[in-house]
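Enquirer: Okay, here's what each chain looks like letter by letter:
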Amino acid sequence: MPTTETYLAKSTDIAARKLGDETIIMSTLDSTIFMLNPTGTAIWEAADGNATLSRIIEEKLCAEFDVPLEQASADARHFVDELAEHGILVVSDHPIPQ
Amino acid sequence: MNCPKRGNFNVTKRSGSDRFFCYKMAPHMGALSNCADHEVMIEIGCIPIALQTCDSDFVSLLRSRYGDYIQTGKTADFTFRVELIPPGTFNPEDDAEVWFEKGEWRLERGDFRATWSQDTRQGVIRQSANPYSIDSVLRITHTLLLARTGGFLLHASSAERNGKAYLFSGLSEAGKTTIASLAPADVALLTDEASYVRRVADHYMAYGTPFAGELGRPGKNVSAPIAAVYLLEKAQQNRIANMEPAEAIRRLMRNILFFAHDPELVRLVFESACAFVAAVPVYQLSFFPDERVWDLIG
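For the record, the sequence lines run as chains A and B. Here numbering that gives the first Met the number 0 is used: the first residue of the first sequence is 0, the next is one more, and so on. Here numbering that gives the first Met the number 0 is used: the first residue of the second sequence is 0, the next is one more, and so on.
Don't take every hint at face value.
To be verified - The calculated label-pair distances, taken between Cβ atoms and stated as ranges, are: (1) B:239 <-> A:97: 42 to 52 Å; (2) B:161 <-> A:36: 49 to 59 Å; (3) A:34 <-> B:233: 19 to 29 Å; (4) A:94 <-> B:130: 49 to 59 Å; (5) B:288 <-> A:84: 50 to 60 Å; (6) B:183 <-> A:83: 30 to 40 Å; (7) B:163 <-> A:17: 24 to 34 Å; (8) B:55 <-> A:83: 53 to 63 Å; (9) B:91 <-> A:77: 55 to 65 Å; (10) A:94 <-> B:213: 18 to 28 Å.
Stated by the list, open to error - 35 Å max Cα-Cα, derived DSBU-like pairs, lysine-lysine: (11) B:73 <-> B:101; (12) A:9 <-> A:59; (13) B:163 <-> B:219; (14) A:9 <-> B:101; (15) B:163 <-> A:17; (16) B:73 <-> B:163; (17) B:73 <-> B:219; (18) B:163 <-> B:101; (19) A:17 <-> B:233.
What the hints assert, rightly or not - Covered stretches of chain A, as calculated for chain B (at least 3 residues, CB under 8 Å): (20) 11 to 17; (21) 52 to 64.
No lab work stands behind these hints, which were simulated from the structure alone. Using N, Cα and C, we set each Cβ at its ideal position, and we do this for glycine too.
Sequences and hints are given; from them, build the entire structure.
Expert: Put into structure tokens, the structure is as follows:
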């Protein structure tokens, strides 16, 4: 059975500012603020609606940070779930038009 | 007070953005009387707002409450007609709600109802004859006006010393009123509750406000360029520490006063906070609550 791909896109209901290699993001719906570290920022910046989470993990996290694939996958999925739960990231099993 | 050139408050709102507002209507804003025998002009942050009322006692209350902030001979940026109603007319338990609908801002709380039109710059306030309700309406109105001009109201005390302004922010009990009450004689207190921040050209100004906290007295009606913001915490020793911009923005956003359910304006406030932190140093100030803390300020 094929594995379903997870596509990521930034919500339009946010305001964000990159400061150095970190990013601060605020939901404009409930004013919740998130601070992303460099790895979170890497995922955030790659979330363009066409990138899959597995590709981001492989090309952005494992290639640019010293982290094993298994750990990167677990951490990234937890990160994505949390941001999606707050409406910061949009998650779909199809590409997301931006 | 030297005010920047007038007329730069563009509060035009994009059409369609009121789709975000799903709050209850305000059917109580009925037909208005035409009674407005008296007018009191209250200028805060160089924005004169006229309050019209039929009630001479309420005029006296306003003059007493707003003191140095009462202006005469100016043209109002906004005019509110104040209709006085019996206390308890609305549900006193209602929290503040602010939203935009059909070209008007609507402000509601358990003790007042208010609307104002962006096009006509006129509105109406219904409240009982008390200073707290009008104070809240003015605060909310100023937050809406400032949001589009790069400014904001910050839950902070502020003071002017040697021609520069210093803001002291933090959550409740952090020491905003304490540090204000410890200020030496050469310090002019701008507020111990709500600091008024405006972007003027390429810098930021703090203005005195009548919005008082525990000290119970209005700030001095003066302004000065902001030299620093201190985020407070009480400690055993006085210490100033630098703060990373991201953390400074996060902490500032927690203390910026903004009440409207309006994603577009919330985004602007966030961007204002980011721009502010890029221009004004923000520090962590740990302080022991005695007058020596002022040796570090200014």
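Enquirer: In ascending order, which of the hints set out earlier in this document are inconsistent with the structure?
Expert: 2, 5, 6, 9, 10, 18, 21
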